[in-house]
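> Sequence:
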Amino acid sequence: MIDFWPNVARLSILALEGRASIRDQEQLLSESTDSYEFIKNAYFQNMNYRLYDGNPPIVIDEDKEAEIEALLEQLDY
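Heads up: the sequence shown at position 74 corresponds to 74 in full-length UniProt numbering, and the numbers run straight through without jumps.
Keep in mind that a hint or two might mislead.
[Unchecked claim] Below, computed lysine to any residue pairings styled on SDA-like, alpha-carbon distance capped at 20 Å:
id, residue 1, residue 2
1, K64, R50
2, K40, A15
3, K40, G54
4, K40, E17
5, K64, N41
6, K64, F38
7, K40, L28
8, K64, Q74
9, K40, L51
10, K64, Y52
11, K40, A9
12, K40, L29
13, K40, P56
14, K40, R23
15, K40, Y52
16, K64, L51
17, K64, L75
18, K64, I22
19, K64, D76
20, K40, S30
21, K40, Q25
22, K40, E67
Rather than coming from a laboratory, the hints here were simulated on the basis of the structure.
All chains should be modelled from the sequences, with the hints used to inform the complete structure.
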């Protein structure tokens, strides 16, 4: 019974620190247009990062690259 209150205080402080540490991510989530898609992409990017020990290969999707080039040409860039 003696360690109950110190443990409650310690866990409360840990919970507050955890909540404060994710405040920036929460703002990113609230500003995204599709929160589900944002979380899904963040999860897969994180798993890819971990899989390659922090150095994932750069993948270039040539179809999307051509689509972007065509769009930029339309805009005269």
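> Decide, hint by hint, whether the structure agrees.
Hints, one by one, checked against the model:
Restraint check: the Cα-Cα separation between K64 and R50 comes to about 25 Å, which exceeds 20 Å; the hinted pair is violated. Taken as a hint, the K40 and A15 pair is broken in the structure, with Cα atoms around 25 Å apart against an allowance of 20 Å. For the hint linking K40 to G54, the alpha-carbon distance of about 19 Å falls within 20 Å, and the restraint holds. Annotation: proposed proximity of K40 to E17 is violated, straight-line Cα distance about 25 Å (limit 20 Å).
Pair hint K64 plus N41 holds up; C-alpha atoms about 17 Å apart against a cutoff of 20 Å. Distance restraint check for K64 and F38: the Cα-Cα separation of roughly 19 Å lies within the 20 Å cut-off, and the hinted pair is therefore satisfied. Restraint check: the Cα-Cα separation between K40 and L28 comes to about 14 Å, which is no more than 20 Å; the hinted pair holds. With a CA separation close to 15 Å, the supplied pair K64 and Q74 stays within the 20 Å bound.
As the CA atoms of K40 and L51 are separated by approximately 16 Å, the hinted pair is consistent with the 20 Å bound. Pair hint K64 plus Y52 does not hold up; C-alpha atoms about 24 Å apart against a cutoff of 20 Å. Of the pairs offered as hints, the one joining K40 and A9 is violated, with about 34 Å between alpha carbons and a cut-off of 20 Å exceeded. A hinted pair counts as satisfied when its Cα atoms are at most 20 Å apart, and K40 with L29 qualifies at roughly 11 Å.
This hinted pair checks out: K40 and P56 have alpha carbons roughly 18 Å apart, not beyond 20 Å. Simply put, K40 and R23 have alpha-carbon atoms about 19 Å apart, close enough for the 20 Å limit, and the pair holds. For the given pair, K40 sits about 19 Å from Y52 by alpha-carbon distance, which is consistent with the 20 Å threshold. For the hint linking K64 to L51, the alpha-carbon distance of about 25 Å lies beyond 20 Å, and the restraint is violated.
The suggested pairing of K64 with L75 holds, with an alpha-carbon distance near 17 Å, which does not exceed 20 Å. Restraint check: the Cα-Cα separation between K64 and I22 comes to about 32 Å, which exceeds 20 Å; the hinted pair is violated. For a cut-off of 20 Å, the pair hint linking K64 to D76 stands: about 18 Å separates their Cα positions. Note on K40 and S30: the hinted pairing holds, with a Cα-Cα distance of about 15 Å set against a maximum of 20 Å.
With a C-alpha separation of about 14 Å, the suggested pair K40 and Q25 falls inside the 20 Å cut-off, and the hint holds. Distance hint between K40 and E67 is unfulfilled; the C-alpha atoms sit about 24 Å from each other, more than 20 Å.
Violated hints for the displayed structure, listed by number in ascending order: 1, 2, 4, 10, 11, 16, 18 and 22.
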